[in-house]
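**Q** Residue numbers (this note's numbering), protein chains in the order written: chain A, 8 to 310; chain B, 8 to 310.
No lab work stands behind these hints, which were simulated from the structure alone.
A pair counts as met if it fits within one copy or between any two copies, since identical chains are not told apart.
Taking lysine to aspartate or glutamate and the DMTMM-like style, the derived pairs with C-alpha atoms no more than 20 Å apart in a straight line are:
hint: 1; residue 1: LYS242; residue 2: GLU218
hint: 2; residue 1: LYS212; residue 2: ASP224
hint: 3; residue 1: LYS200; residue 2: GLU185
hint: 4; residue 1: LYS212; residue 2: GLU185
hint: 5; residue 1: LYS200; residue 2: ASP224
hint: 6; residue 1: LYS96; residue 2: ASP85
hint: 7; residue 1: LYS97; residue 2: GLU82
There are 2 protein chains.
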Amino acid sequence: MKTLGLGRNEVNKGRIIAGKAIARTVQKEIAAKAARLIQKGIFPKLGIILSGSGPSQIYAHSKERACAKVGIRVETVDFPADVKFEDLKKRVEKWNREKSVHGIIVQMPLPDKVDSARLLGLVDPAKDVDCLTPANLGMLVAGRPRFLPATPAGIVELLVRSQIRISGQRVVIIGRSEVVGKPLANILLLRGKRGDATVTVCHTKTRKLTEISRGADILIVAAGKPRFVKKEMVKHGAVVVDVGINQTDRGLVGDVDFEDVAPEVSAITPVPGGVGPMTVAMLLSNTVAAAAAQTGEADNAGI
Amino acid sequence: MKTLGLGRNEVNKGRIIAGKAIARTVQKEIAAKAARLIQKGIFPKLGIILSGSGPSQIYAHSKERACAKVGIRVETVDFPADVKFEDLKKRVEKWNREKSVHGIIVQMPLPDKVDSARLLGLVDPAKDVDCLTPANLGMLVAGRPRFLPATPAGIVELLVRSQIRISGQRVVIIGRSEVVGKPLANILLLRGKRGDATVTVCHTKTRKLTEISRGADILIVAAGKPRFVKKEMVKHGAVVVDVGINQTDRGLVGDVDFEDVAPEVSAITPVPGGVGPMTVAMLLSNTVAAAAAQTGEADNAGI
Chain A
8 MKTLGLGRNE VNKGRIIAGK AIARTVQKEI AAKAARLIQK GIFPKLGIIL
58 SGSGPSQIYA HSKERACAKV GIRVETVDFP ADVKFEDLKK RVEKWNREKS
108 VHGIIVQMPL PDKVDSARLL GLVDPAKDVD CLTPANLGML VAGRPRFLPA
158 TPAGIVELLV RSQIRISGQR VVIIGRSEVV GKPLANILLL RGKRGDATVT
208 VCHTKTRKLT EISRGADILI VAAGKPRFVK KEMVKHGAVV VDVGINQTDR
258 GLVGDVDFED VAPEVSAITP VPGGVGPMTV AMLLSNTVAA AAAQTGEADN
308 AGI
Chain B
8 MKTLGLGRNE VNKGRIIAGK AIARTVQKEI AAKAARLIQK GIFPKLGIIL
58 SGSGPSQIYA HSKERACAKV GIRVETVDFP ADVKFEDLKK RVEKWNREKS
108 VHGIIVQMPL PDKVDSARLL GLVDPAKDVD CLTPANLGML VAGRPRFLPA
158 TPAGIVELLV RSQIRISGQR VVIIGRSEVV GKPLANILLL RGKRGDATVT
208 VCHTKTRKLT EISRGADILI VAAGKPRFVK KEMVKHGAVV VDVGINQTDR
258 GLVGDVDFED VAPEVSAITP VPGGVGPMTV AMLLSNTVAA AAAQTGEADN
308 AGI
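All chains, full assembly: derive it from the sequences and hints.
**A** See the structure below:
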């Protein structure tokens, strides 16, 4: 009981990183950039390819709503679950050609029988605002990123806007997925204030994980395991970013045991309301940047 | 003097990884694969684009000799130092089209005024046997590599053929270059026996480097600083891979102080004769694999 009481008091010491509020600020900035383009007759537009029901419907609709708020036009094509690859391909190719479409999203998950990697590979890298094409991931490794993938970029933006220093810090990432862990490691190794970190990537094959995670100044958890990270795994005073979002019978929870860990840290993101809102904001940012780049307005729009 | 004497005795305990001998074995295997293709009338061929004198000449010639030994044809086009970008571009495009050319190398360094990144971006990814195009680097991050870049692939091959376990080990890489550190980190994070490592990347902005490098089961050094790593930076019994090659008044030396470090470790690569020979071998391997893939013989050639 004593520990619990102590924990409750100390939660207030651990600063909660206000993902929602920061995302709102970012969205305001994006709306201003979009407005400058619209004044010049350029209407930033995102095309979303969707197939099948379930989570992909929900994700797509939340992106549509966010676009509407900042002045980005959206066209969603909702294909039936038994869609042929050729039809998806034709839509990608049509939007690749159309000057009025600046960003293209292939909303995951697609039906199992669709070769999503092949479809993604067809998206014009200049319109790949999710930064999922090999060409754009490769530009990132080569140190000349065109776009940054939304979730990793959102994490970095959260840290920077919370005045948390990244350069020279020891960052430990738990999780080596293609959409979070690996691109995030590559971003944090870039030169500059969003990078210059000493980066360690851990995963299911990692031994002595606690020893490693306790060495982190900034611990970023994308393990996909509800409440996986306990206070023993975190250094006192560290910054913890929770990328997980797990549906449990206690509601949505992250990969970090928030109540257990929060008293130990100097800052922590909540779930929900932490990384999530930033992911959508970064997608909007990429779309407006794409519209500006494709129309030669990158400098004028302040992007 | 005592330390020196001890060092000399103990050097024998640290196994020296025989890069040259392993590279010879790999080259024999490549020659056998090339021979199987040649029997079917497929002559693996590498095109090398070269401009300017100095190191690029030396690198290109050593690749030509290595190709000749394993049965790969080479065509080197040696452009004058004041070559126009358009002429280099035309050559890349010609080789992209020619079915008889399976691999294309843009030999670095090119003259300063040539935009090498732009030129590299023009190479057909299927013929990019150096794995330097964004598309191929991105395939690596996405976990579906087409080729692996030669130096990082050579390092991993050295470890695997020396029966050094990678999976689950803590690997620390010193150096975050686009040709070694970053692609190597991405390879070591792939699934399987060449990956599954817990990977940390350190660089000039890293603080407490000694503390981090001492945590490594496998320490890979690509810092570009002669004899930079001393025994204090290495855990007793670790494996040390030295990617450095520095011309000094004492001759060629690596980034590791070999005499100082060798007594402490369970295995170490020498310089020269360690990673260097493997780099060329991996390039040959990629070229033969490219020839097999482009002619539909990937399975038959045992590649």
